[in-house]
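Asker: So you can see what is in the structure, the chains are spelled out below.
2 protein chains.
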Amino acid sequence: MSSAFLTDRYELTMLAASLRDGTASRPSVFELFSRRLSGGRRFGVVAGTGRLLALLRDFRFGEEELRFLRDEAVVDAEALRYLEHYRFTGSIRGYREGELYFPGSPILTVEGSFADAVVLETLALSVLNHDSAVATAASRMSIAAGERPLAEMGSRRAAEQSAVAAARAAYIAGFSATSNLEAGRLWGIPTMGTAAHSWTLLHDSEEEAFRAQVDSLGIDTTLLVDTYDIRRGVETAIRVAGTGLGGVRLDSGDLPIVAAEVREQLDELGATSTKITVTSDLDEYAIAALAASPVDAYGVGTSVVTGSGYPTAGMVYKLVARQDATGSWVAVAKASAEKVSKGGRKAAFRTLANGTAIAETISVADGFEQVDDGAAHPDARALQVVLVDHGEIDGSHEGHAGTLAAREHHLQVREELPVRALALSKSDPAIPTVFIDVD
Amino acid sequence: MSSAFLTDRYELTMLAASLRDGTASRPSVFELFSRRLSGGRRFGVVAGTGRLLALLRDFRFGEEELRFLRDEAVVDAEALRYLEHYRFTGSIRGYREGELYFPGSPILTVEGSFADAVVLETLALSVLNHDSAVATAASRMSIAAGERPLAEMGSRRAAEQSAVAAARAAYIAGFSATSNLEAGRLWGIPTMGTAAHSWTLLHDSEEEAFRAQVDSLGIDTTLLVDTYDIRRGVETAIRVAGTGLGGVRLDSGDLPIVAAEVREQLDELGATSTKITVTSDLDEYAIAALAASPVDAYGVGTSVVTGSGYPTAGMVYKLVARQDATGSWVAVAKASAEKVSKGGRKAAFRTLANGTAIAETISVADGFEQVDDGAAHPDARALQVVLVDHGEIDGSHEGHAGTLAAREHHLQVREELPVRALALSKSDPAIPTVFIDVD
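Those protein sequence lines, which keep their order, are chains A and B.
Quick note on numbering: the first sequence equals residues 1 to 439 in UniProt numbering.
Quick note on numbering: the second sequence equals residues 1 to 439 in UniProt numbering.
Hints are supplied without guarantee of correctness; some may be wrong.
Identical copies carry no separate label here, and so any pair may be met within one copy or between two of them.
Mimicking DSBU-like on lysine-lysine, the simulated pairs with C-alpha atoms at most 35 Å apart in a straight line are [as the list claims (entries may be wrong)]: (1) 426 - 275; (2) 275 - 334; (3) 275 - 342.
If you're looking for bench data, these hints aren't it; they were derived computationally from the structure.
Kindly generate the complete structure, drawing on both the sequences and the hints.
Answerer: Pasting the structure below:
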């Protein structure tokens, strides 16, 4: 299926106009970045890169797309001919998926002719804004959960395809499993889930429901004990399954109090190894508030798939440099006090002191051909990798392996954060962004 | 492409357990409803029904799905055999797409065997929660915009497939166009868009950019005049295009002030029919604040596709009635003070007085076979229609025609709302929900 129509109309009208006036072929640099971190977050998490590269493979205008553009008179015949043969032949450097970002981080740098690069705006932003918003919220939840397993179960609160992408972004940011089957199949994420309240309500008694579940899924299963009365639910669960029951799930009530009561009851019944999973409207703050409670695992729904109050990451895709009619490079940016952009091609490094991040160092070149190779920053880690080289997509970021690699990268680079970055309250970014002009 | 894996794992584990203990075939009624209106909204807007019905056609477990379920030991062999032949053969009654809803409105009533109906939970909720959240926000914006055209241009702030669904939901709720090409093709929504700041920045001067755009798109186009200095941008625009220029677009600045200045300048230049479109971070409140300003059209991005602060509608899918082992109907509901559910099969009516809605009247039957036909409510409009009849999907809700019909239905039923429903501030629902027990 083509991804080429996941695009705003104005990209194609600009392309058509540029073919007409000859600017279509101007070598151009677009940058995808965020002016600020939404919601006073202390760091952002890049996610979506692997999905974007897979979608880029299918960014081709087929017969159906061309017919619509012709019938609706979106572009002229010259543009139709160009689009018929379009594939992205430029290059993309960018932050690795799972990497942290800060205001002004050049998350993607897209280089190519204006026509080649302008049409990727919507697709790149759609994928990265959504996935990064989810991953940023998820990483905070994962930090709050500590060593306890954390499952994503928000599919019912997100559009059906976003749900799959959200499961992946949450996994990259430290979640351990998802309820979503498609995310399991597509990205190799462990799937989980046993029963809903409807299971208990279907049966003539809670006991019958528990017995049938244990018969089908074994005593290692997790029984949902809050359909009627939690105390009686726990009692019934252990009577049916025995003290070897895998777990009980609580989906309502004042969790710190209820969890303590249920733990005590389970221990009294001898079910000392039966685990407690809680799943009622959790977000990073509720998870943190349960840190001292006898909870063994968390399930998070709405708040993670909606970015915990910030469902989009606020990234933009801007032209930052292009050649002029004489072939000289010109750094460009909109003049606006409220919408700050910095023109020029960037190279990005995370400056470390004793292994701890102290600055996002970004060197800016107005019109050079050479990218800063980092030799001048021996105390810094280079943040950009080549994702697409003259149209050749690096396949290592896609599929099961790419998803797992992004997760491992995230968990590793998160260790570089200063302690103050881990607090949940609203604040400034954990490290400053420092621009260095190298021209 | 199969939609069957857009599903939470627990639905299939319940299905497998129910096949094992014989409850799979129990006639069951599931209801999709919302306990409250998110964000103190005064009404909700149902959207997604047409998309859900189209996805339901493809809800089949193919070889790939069955292989994953077997390899991952999600379900046993008996369940695999059941799923191999699964298609939904039950019935669904529901609110028409575009209809308003209130707390407790039975938006969808899904009837079938437990096994048939339980597996639709995630898909139904994903689609309706997302699309209704967008439509509810969009309807408020459309009311605030009055007769002025309102375009959805938020694709870059939503995951790539949600963006298409969001464009559709916004259109149903009164928006007039979208920037998203796929939404234009799939749903027949008018598309719009001309140029971004990158277009101006690509050129060696703003004048060259405007001239090229007018050459390509004609003088009826809309020029983006705020890349550098707005006053000079407007001057250049009219010099290049003449006083017949279609429009100018403002994407930054203090809009009420800037719009007034630009209108005055355009009029002074003789461009009295040139329209002003504004697009800078608008939501329903900003649109309302511009009501007295000389603005001709609005473009809305982030806020509409993210539900203006409430990106999911909070709908749930609950078992409300089922037969017991003796074949008698039993109304069921979870016992919970915080999560109120009302068991029983429902019929829903909007009670009107002189054409104005005064109550959401819902009759509840514990275990009856007959649905309330409305004869007892002569002053009320029946809200439910048959969407799926014993597996036969009513095709009239899908495609271009279904989308347009939903929009027309919405604009018509919105007229029934009392005036207080149109205010934007947080409040109680505009009309009360009244439950009537008919057994």
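Asker: Against which earlier hints does the structure fall short, listed by number upward?
Answerer: Violated hints: none at all, because every hint is consistent with the structure.
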